[in-house]
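Going down the list, the sequences are from chains A and B.
The first sequence begins at 10 in this note's numbering and counts up one residue at a time.
The second sequence begins at 128 in this note's numbering and counts up one residue at a time.
Heads up, a few of these hints could be off.
So the derived label-pair ranges between C-beta atoms look like this [as the list claims (entries may be wrong)]:
no., chain 1, residue 1, chain 2, residue 2, range
1, A, Gly115, B, Val290, 31 to 39 Å
2, B, Val160, A, Lys246, 31 to 39 Å
3, A, Gly75, B, Val160, 45 to 53 Å
4, A, Gly89, B, Val157, 30 to 38 Å
5, B, Asp751, A, Val243, 47 to 55 Å
6, A, Ala19, B, Pro214, 46 to 54 Å
7, A, Lys264, B, Ala215, 40 to 48 Å
8, B, Val157, A, Ser299, 50 to 58 Å
9, A, Asp267, B, Val820, 25 to 33 Å
10, A, Asp267, B, Asp751, 44 to 52 Å
11, B, Phe283, A, Gly164, 40 to 48 Å
In case anyone wonders, no lab produced these hints; they're calculated from the structure.
Heads up, the beta-carbon is just placed ideally off N, CA and C, and yes, glycines get one too.
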Amino acid sequence: MSSLSYAAPATVDEAIGLLAGASGLAKVLSGGTDLLVQLRSGRTRPALIVDTKKIPGIIGIREVDGGFVIGAATSGAMIGEHAALAAVYPGVVEATNLIGSTQVQGRASLAGNLCNASPAADSVPAMIAAGATAVIAGPKGRRTVPVEQVVTGPGRTSLARDEFIVEFHLPKRAPRSADAYLRFIPRTEMDIAVVGAGVNVTLDAAGVCTAARVSLGAVAPTALLVADCAAALVGSKLDEHALAKLDLAARDACKPIDDKRGTIDFRIKVAGVLARRAAAIAFERAAARS
Amino acid sequence: MTPDISLSQVPAHARHGSSIGRPLTRREGVLKVTGVARYAADNHPAGMLYAVLAASRIARGRVTCLDVPAAMAHPGVVAVMTPANRPALALDPDAKLHPFMFRLDLLQSDAVRYANQPIAVVIAETLEAATEGAALLAPRYEALPARVGLDAGESFVPPVVGVGHPAEQLVGDVEAGLASAARRVDATYETPAQYHNAMEPHAVVAAWDGDSLSLDMPSQGMAMAQARLAGLLGIAPENIMIRSPFLGGGFGSKGLIAGPQVLGILAARLVGRPVKLVLRREQMYGPVGHRPPTRQRLRIGAGADGTLTALAHHALITTSTFDDFFEPAADASHTLYASPAIATSHTAVRIDTGTPMFMRAPGEATGSIALESAIDEAALACRMDPLAFRLKNYAEVEPISGKPFSSKALRACYAQGADRFGWAGRPLAPRQMRDAAGMLVGWGMGTATFPALMFQAEARAVIRRNGGGVVEIGAHDMGQGAWTALAQIAADAVGLGIEQLEFRSGTSDLPDGGIAGGSAHTATAGMAIHAAGGEAVARLAELAMDDARSPLFGAGNAGVVARDGRLFRRDDESRSESYADILTRAGLAQVEGRGKSGGDPAAQTAYAMHAHGAVFAEVKVDPDLGQLRVTRLVGAFAAGRIINPRMVRSQYYGGMIWGMAFALHEEAVTDRRSGRMLNANLADYHIPVNADVPEMEALLVEEHDPHVNALGIKGVGEIAITGTGGAVANAVWHATGMRARRFPIRIDDLV
């Protein structure tokens with residue numbers, strides 16, 4: 010007979026203690042929009058579920074030192090309604106709001122989207138492009154890691170079994186910075202990305218790109234931070250030459266699989282097109298913020 | 128002598144105060160939107176237990192072990208039903224006494240014939256305990272390699288296809304027609320397996336009382352379910368009470384009782400308490416029927432002027448290893464296009480799948496998307512506009528039979544649809560149109576058709592002295608609005624306003640309303656109601672005309688007309704009398720009439736009976752990504768008399784959306800190694816989301832049919848899925864120049 014325990018600790022330490030002391034598989038619950046589906050389908054059969062939503066501060070968005078701190082279990086709906094965040098990091102917000110349906114947005118969280126470790130998670134390329142970091146709590150205290158170092162493969166993360174994410178930090182913006190996220194799905198809504206592309210840029214007063222981060226989703230086992238894509242943008246005003254280099258670098262970075270949603274060739278092609286389009290949006294937004 | 132009160136001689140809609148033709152809202156709409164409507168699974172009789180199916184995870188082989196003790200040891204589990212202890216049946220579930228008796232999987236052995244086949248039932252005090260109990264069974268199997276797909280084995284010519292049609296039909300000399308053709312198309316199209324996904328999964332709440340059985344169960348055919356159950360259970364049909372007031376969609380999957388519903392009933396028998404069994408979404412992918420995959424080869428010949436010389440349509444289909452249902456996909460080519468030579472043929476392959484079954488426009492939907500695509504290719508080969516090509520080959524008589532049509536307003540459908548859509552001026556060549564955002568724009572069209580069928584039904588009508596009336600019929604409201612439309616027919620049949628009429632339906636103790644399938648429910652049940660109402664009015668008329676005190680005395684052959692609770696002398700409407708006065712004087716509380724319906728064999732022999740339509744689609748395609756959106760759909764349909772235009776439009780919209788899904792989204796994917804479904808859930812089995820549904824219009828084209836039935840009703844439930852898939856596919860070609868021959872259309876194929 011299998012049994013499932015549920016705990017809703019009120020502090021981070023209590024949560025860590027529960028995770029560390031679990032006899033079998035322990036799962037962290039924030040929004041639950043992946044976990045509950047997996048429980049129902051029998052894909053995961055944990056012995057313990059630790060619901061983090063009662064921990065103070067784990068839900069909510071704070072502006073700190075010119076940047077943002079987003080609680081790990083903050084819902085997509087709250088993120089979408091945060092005007093200041095949407096003004097500074099529109100790409101992160103639009104990516105988060107693409108997850109699921111309106112109902113799912115009421116629960117779905119950044120930590121869940123990241124730790125579910127799907128290669129196609131929508132918020133992840135946007136967070137990587139934005140330079141987001143995750144604050145991970147564990148028995149030895151807290152450590153801060155770039156988001157791109159959290160997921161190690163489909164369904165796998167670098168978190169120890171007694172660790173969980175408490176919050177994300179989005180850094181203070183340089184002037185004329187903006188981000189954008191685009192994804193391709195066959196259907197209009199309620200679908201999983203065939204390819205996702207997040208682009209984050211900073212421009213100088215002349216409109217020349219001085220810094221860039223580009224991340225691609227659903228084209229490899231984990232979301233990719235593609236340095237060659239960034240290099241294609243830096244120093245350019247996004248002319249046709251830069252776009253072609255960006256397109257090529259994006260395609261070169263892809264290591265996708267064939268599945269029902271798209272073939273390898275198709276995903277590679279789409280990655281290039283989406284990188285171009287996302288870059289164009291990010292440049293336009295950054296220029297408008299001067 | 129029977130007085131002439133025959134309502135059928137007067138078009139019902141022409142009479143004053145008629146309810147027929149009014150766009151009434153659903154009678155049960157308030158119940159549904161307020162949550163008051165009780166669907167089968169909403170019922171919880173006292174002492175009820177929950178049953179959960181354990182379903183096979185292999186597609187072929189046998190179950191070697193079920194850990195029944197582990198399941199029984201789980202708190203709350205009351206019983207585990209397996210082949211070892213399943214209550215005895217009076218009829219072997221594998222018996223096939225007639226072609227429409229389909230074999231059921233009722234735990235008759237340890238054999239597994241398809242993935243998701245029921246292999247045990249766990250009955251418990253709670254749903255959670257039953258679910259856990261089912262998991263604890265941890266079945267072990269002896270698996271054989273699964274046979275998957277259209278190429279899994281030797282194909283054969285089925286004995287019949289669909290509902291008893293010949294698998295091969297031929298008129299003229301197709302090979303000669305092809306040989307003499309100036310233009311030829313030879314193209315092969317593939318359509319995928321599609322599975323039933325009604326919002327409400329199959330459910331049953333069963334309670335036994337001795338040898339009497341009470342069931343809450345969604346059904347499109349209560350009387351047929353009653354008869355099937357009576358045979359299986361060895362009890363009298365009248366001892367089985369079925370309540371099916373609301374269905375959360377049927378689409379053919381609830382036409383015949385499904386195996387899992389019978390298992391719920393047997394579970395209740397086993398434990399001696401009421402039992403509820405509801406299928407999980409993924410359990411719908413196997414035991415409740417599906418649309419099989421097809422591979423269809425179309426060969427079309429045409430003269431230089433676009434006149435067809437030959438049309439050959441072959442369909443390869445799959446069916447199960449243990450039963451015979453053959454999707455009549457090629458039959459779509461029988462009725463639409465005038466060709467001196469037509470050949471249709473079917474071959475089938477047996478694979479390890481649940482038996483395919485009726486699914487909205489079975490045969491017509493699968494065949495239509497291939498035929499309409501091929502016709503588009505033929506028009507292109509002739510350098511003709513697709514609409515002009517269709518008009519050039521317009522069938523004045525049914526091509527396969529040579530019979531005249533009972534009515535056919537397809538020309539008007541083409542004209543009105545094309546006009547509304549703005550078809551004129553469409554460039555012949557593809558990739559000619561772009562919108563302001565640079566998207567490629569394409570326009571395509573398809574012809575829709577569906578036979579106008581009639582089944583058998585009965586009804587009872589009562590006219591009361593208090594000015595009210597009752598009409599009773601065991602009809603089925605699947606969400607299509609049957610109760611509303613039938614009540615409109617009933618009100619006219621008894622000559623009352625719809626507000627004065629009590630309409631009773633949805634239970635099996637009422638007169639048999641026939642099956643709600645084949646787009647024939649309104650015609651079939653409607654005609655039974657019409658006959659029953661007519662008989663009740665005739666009784667009243669006899670009372671009045673035989674009574675010297677009545678203003679209608681002696682009306683005799685002149686006859687009477689019934690409306691608004693009064694009888695009027697047909698030749699002198701100043702002479703009339705209320706129902707209340709007639710009954711009061713006669714000392715009667717009420718009069719009653721009974722009516723039956725069924726097709727008219729003479730008319731069916733003389734005429735080909737079909738509804739028709741034309742569908743026009745616009746798509747936009749991102750040239751860099753192939754991302755594809757349908758942006759406009761216009762359908763124009765002629766289906767005889769329209770009882771309720773609001774409900775009918777809704778049927779057309781639903782059909783058109785499904786047709787679009789057929790072209791672009793729906794596909795069940797089977798794992799070739801295991802024979803299991805890879806996408807047996809609504810996250811992975813794609814149907815359109817609301818945001819995918821474009822601007823739509825459905826035009827109701829006027830059509831009067833004096834032959835189909837006295838009310839002139841054809842069917843509207845299935846036709847709109849036909850034509851639409853082809854229209855969308857043809858629009859995709861027009862936008863991109865890429866011809867999709869594999870459905871659903873893969874965006875990868877467009878870039």
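Here is how each hint holds up against the structure:
Checking the proposed 31 to 39 Å range against A/Gly115 and B/Val290 shows it is violated: the Cβ atoms sit about 48 Å from each other. A beta carbon spacing of about 56 Å between B/Val160 and A/Lys246 contradicts the range 31 to 39 Å that was offered as a hint. Range check, A/Gly75 to B/Val160: about 49 Å between beta-carbon atoms, so the 45 to 53 Å window is met. Checking the proposed 30 to 38 Å range against A/Gly89 and B/Val157 shows it holds: the Cβ atoms sit about 34 Å from each other.
Evaluation of the 47 to 55 Å hint for B/Asp751 and A/Val243 yields a failure: the beta carbon distance comes to about 24 Å. The hinted range of 46 to 54 Å is satisfied by A/Ala19 and B/Pro214, whose Cβ atoms lie roughly 53 Å apart. Between A/Lys264 and B/Ala215 the Cβ separation comes to about 59 Å, which falls outside the hinted range of 40 to 48 Å. Taking the beta carbon of each, B/Val157 and A/Ser299 are about 57 Å apart, inside 50 to 58 Å as hinted.
The supplied range of 25 to 33 Å is met by A/Asp267 and B/Val820, whose beta-carbon atoms lie about 29 Å from each other. For the hinted restraint 44 to 52 Å between A/Asp267 and B/Asp751, the CB-CB distance of approximately 21 Å leaves it violated. Distance hint check for B/Phe283 and A/Gly164: the Cβ-Cβ separation is about 45 Å, which falls inside the suggested range of 40 to 48 Å.
Taken one by one, the earlier hints fail for this structure at numbers 1, 2, 5, 7, 10, listed in ascending order.
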